[in-house]
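Colleague: Work out the full structure, taking the sequences as your base and the hints as a guide.
Residue-level listing of the chains:
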Amino acid sequence: MIKQCDNVIVQSVSRFLTPFILLFALYVIAHGHYSPGGGFQGGCILGASFILSMIAYDIAEVKRRMTEKMNTVLTGVGVLIYAGIGFICLLLGANYLDYGVLAEILPVGTAKARALGTFGIEIGVGITVMAVMVSIFLNLASGGEHEEGSVE
Amino acid sequence: MIKNAPVLIIVVPLLASLINIILGLRWRALSFPLMLAALSVSAASSFIALNTVIDSGTIHYRLGGWAPPWGIEYVIDHLSGFVAVIVSFVSLVIAVYTRKSIEREFPGKTVYFHSIFLLLVTGLLGIVVTGDIFNIYVFLEITSLASYALVAIGPDKRAPLAAFNYVIMGTIGACFYLLGVGYLYIMTGTLNIADLSRLLPGLYHSPVIQVAFAFFMVGIALKIALFPLHRWLPDAYTLAPSAVSALVASTMTKVGAYLMIRIIFTVFQPFFSIEVLPVMNLVGWVAAAAVIFGSGYAIAQTELKRMLAYILIAEVGYIVLGVSFANRTGLTGSILHILNDSFMMACLFLAVGAIAYKTKNTNIASLSHIHKTMPITMAAFVVGGISVVGIPPTAGFFSKWYLVLGAIEAGKWVFAAVLLISSLMTAIVFFRIIERVYFTAADPGHGKSARAVMDEAPLGMLVPVLVMAVGVLILGLFSGRIITTVIQFAVPSVF
Numbered sequence: 005m006i007k008q009c010d011n012v013i014v015q016s017v018s019r020f021l022t023p024f025i026l027l028f029a030l031y032v033i034a035h036g037h038y039s040p041g042g043g044f045q046g047g048c049i050l051g052a053s054f055i056l057s058m059i060a061y062d063i064a065e066v067k068r069r070m071t072e073k074m075n076t077v078l079t080g081v082g083v084l085i086y087a088g089i090g091f092i093c094l095l096l097g098a099n100y101l102d103y104g105v106l107a108e109i110l111p112v113g114t115a116k117a118r119a120l121g122t123f124g125i126e127i128g129v130g131i132t133v134m135a136v137m138v139s140i141f142l143n144l145a146s147g148g149e150h151e152e153g154s155v156e
Numbered sequence: 013m014i015k016n017a018p019v020l021i022i023v024v025p026l027l028a029s030l031i032n033i034i035l036g037l038r039w040r041a042l043s044f045p046l047m048l049a050a051l052s053v054s055a056a057s058s059f060i061a062l063n064t065v066i067d068s069g070t071i072h073y074r075l076g077g078w079a080p081p082w083g084i085e086y087v088i089d090h091l092s093g094f095v096a097v098i099v100s101f102v103s104l105v106i107a108v109y110t111r112k113s114i115e116r117e118f119p120g121k122t123v124y125f126h127s128i129f130l131l132l133v134t135g136l137l138g139i140v141v142t143g144d145i146f147n148i149y150v151f152l153e154i155t156s157l158a159s160y161a162l163v164a165i166g167p168d169k170r171a172p173l174a175a176f177n178y179v180i181m182g183t184i185g186a187c188f189y190l191l192g193v194g195y196l197y198i199m200t201g202t203l204n205i206a207d208l209s210r211l212l213p214g215l216y217h218s219p220v221i222q223v224a225f226a227f228f229m230v231g232i233a234l235k236i237a238l239f240p241l242h243r244w245l246p247d248a249y250t251l252a253p254s255a256v257s258a259l260v261a262s263t264m265t266k267v268g269a270y271l272m273i274r275i276i277f278t279v280f281q282p283f284f285s286i287e288v289l290p291v292m293n294l295v296g297w298v299a300a301a302a303v304i305f306g307s308g309y310a311i312a313q314t315e316l317k318r319m320l321a322y323i324l325i326a327e328v329g330y331i332v333l334g335v336s337f338a339n340r341t342g343l344t345g346s347i348l349h350i351l352n353d354s355f356m357m358a359c360l361f362l363a364v365g366a367i368a369y370k371t372k373n374t375n376i377a378s379l380s381h382i383h384k385t386m387p388i389t390m391a392a393f394v395v396g397g398i399s400v401v402g403i404p405p406t407a408g409f410f411s412k413w414y415l416v417l418g419a420i421e422a423g424k425w426v427f428a429a430v431l432l433i434s435s436l437m438t439a440i441v442f443f444r445i446i447e448r449v450y451f452t453a454a455d456p457g458h459g460k461s462a463r464a465v466m467d468e469a470p471l472g473m474l475v476p477v478l479v480m481a482v483g484v485l486i487l488g489l490f491s492g493r494i495i496t497t498v499i500q501f502a503v504p505s506v507f
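So the protein lines, in turn, are chains B and G.
The opening residue of the first sequence carries number 5 in the numbering used here; numbering runs sequentially from there.
The opening residue of the second sequence carries number 13 in the numbering used here; numbering runs sequentially from there.
Keep in mind that a hint or two might mislead.
What the hints assert, rightly or not - Simulated pairs of lysine-lysine, DSS-like, Cα-Cα distance not exceeding 27 Å:
hint: 1; chain 1: G; residue 1: K372; chain 2: B; residue 2: K73
hint: 2; chain 1: G; residue 1: K370; chain 2: G; residue 2: K384
hint: 3; chain 1: G; residue 1: K169; chain 2: G; residue 2: K384
hint: 4; chain 1: G; residue 1: K384; chain 2: G; residue 2: K372
hint: 5; chain 1: G; residue 1: K112; chain 2: G; residue 2: K169
hint: 6; chain 1: G; residue 1: K370; chain 2: G; residue 2: K112
hint: 7; chain 1: B; residue 1: K67; chain 2: G; residue 2: K121
hint: 8; chain 1: G; residue 1: K384; chain 2: B; residue 2: K73
hint: 9; chain 1: G; residue 1: K112; chain 2: G; residue 2: K384
Just so you know, the hints here were simulated from the structure itself, not pulled from any lab data.
Modeller: Take a look at the structure:
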């Protein structure tokens, strides 16, 4: 059961760590196409920061900041960014997911447009993975109740 | 946009499913029209794609502009175009049906239902149009996960348990498939189907390739519930909501059968499974067992939906039996049966759903005189039933005719006998229901019920049932045309 925890050490350390976790997650997402990492890995780390706050405080506290509805919408938005970027390529006359053609609407060359297209997709993947991680944790920790928690 | 038709088949329902979650939370009323619009675009794209294939041959579509075998390509030939048209059309008709039935079964959850429904259709169409075996696995998982969710929300208390069994068996099936893909990738370094069929013949005698083939067969057999691996199907398909049963019964097993034909005859050359690793006889016996077992168990059932689930197991057996003959006639019968069975099963399951909607009771014993209150639904049910039995001019007769001819041509008289015996068994199943409904003497105590007023399901459910029933008749009349324009080119040219 996850209940309000009043251990000042746990809470302070998790407060202190959260911004670094977020920064690292953004780094992993942004460097996905140059180095090991990417949307999935970054999204997991991003989700971990929410999960840490849920463990250190409680689920209700975190849900006050990020509602369940918001989480559901983010799950959809992430994949929508992915599929939408592909669809924009279609509308511009190229094949699905052929980012090179994005150069027509971005003020950069074809090669840079490809890199930016991939980056956009990584962002989409990151958002969805984060939202799904949070939702899986919520369901497991609260036995599907999404309340404080009912599992001892 | 016509050149993009192959990708629009999949992308439009996928995008709609995601937009639906976001829009639907705010404007719930938009959710249903959005689903219908997306499935209509998808169906139109499949028709356009199939038409292009008939006119000018196979379409290759490079995703992201990358050339195969490095990039993923979508390939639409006669076989995949044909199955894509079936799946997209049948799911569109069933989507119309969901409006009334789902509104009543899960008020307040319709938005999520529509999203998962769209994802399921996306996955099914993805398996059909992609030309990459790993991509097939990804779509197979999208399909399976969506269907687990849809089965689990069934109205019955036992539905979650049935869905759990389905999850376990489905996951094992997917694992076998993935292992097969992995083995092929280790040996050839490619995942593209066209590339694999070029590279594999040199490696046919390698045990790794032969094991990979076995893994593929077991994985797909689990997914399509071929006889000894069918245990999950009756519970899952009986306890799912009626619209979902209709969708999964009419499309999922057919797409699995398509996948089996693809693996046996395209990824591997036909001579692999006939000469190098002669498994066709074994596959044939397993399929024959499925046919007899499915029909036999169907006779023993007292509940309509469960009975149809066992009929479905027999129907899967028919398709696989046709594949096992490995000749042109048998395979023509199989591919035609994919089409016919999809319509028959949709017709029967939708009709039973309509009966359940009105009477809340689908025990065969309680059906007496239901044709007085629901004459149209019962007429559609009878059309679907005689098509399963195989009485002309319904569609089922023609595919069974080709299957029997295929068995005789292959010299497998036992299988021809199996096909005929199982027709008799399904005749018992359906004529028993017809007798119970139309010819039971009226109870003397219920004189008033003889003048029962017509009380059909709402129009939104009745029209899909009728479309499917008329479809079964029309497909029967035009089956010759379908074979000459599409199916004869879908059969591998070596036969």
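Colleague: Hint by hint, say whether it matches the structure.
Modeller: Results for each hint:
no.	hint	verdict
1	G/K372 - B/K73	34 Å, violated
2	G/K370 - G/K384	13 Å, holds
3	G/K169 - G/K384	32 Å, violated
4	G/K384 - G/K372	17 Å, holds
5	G/K112 - G/K169	21 Å, holds
6	G/K370 - G/K112	12 Å, holds
7	B/K67 - G/K121	21 Å, holds
8	G/K384 - B/K73	48 Å, violated
9	G/K112 - G/K384	22 Å, holds
The structure does not agree with the numbered hints 1, 3, 8 stated previously, though it agrees with the rest.
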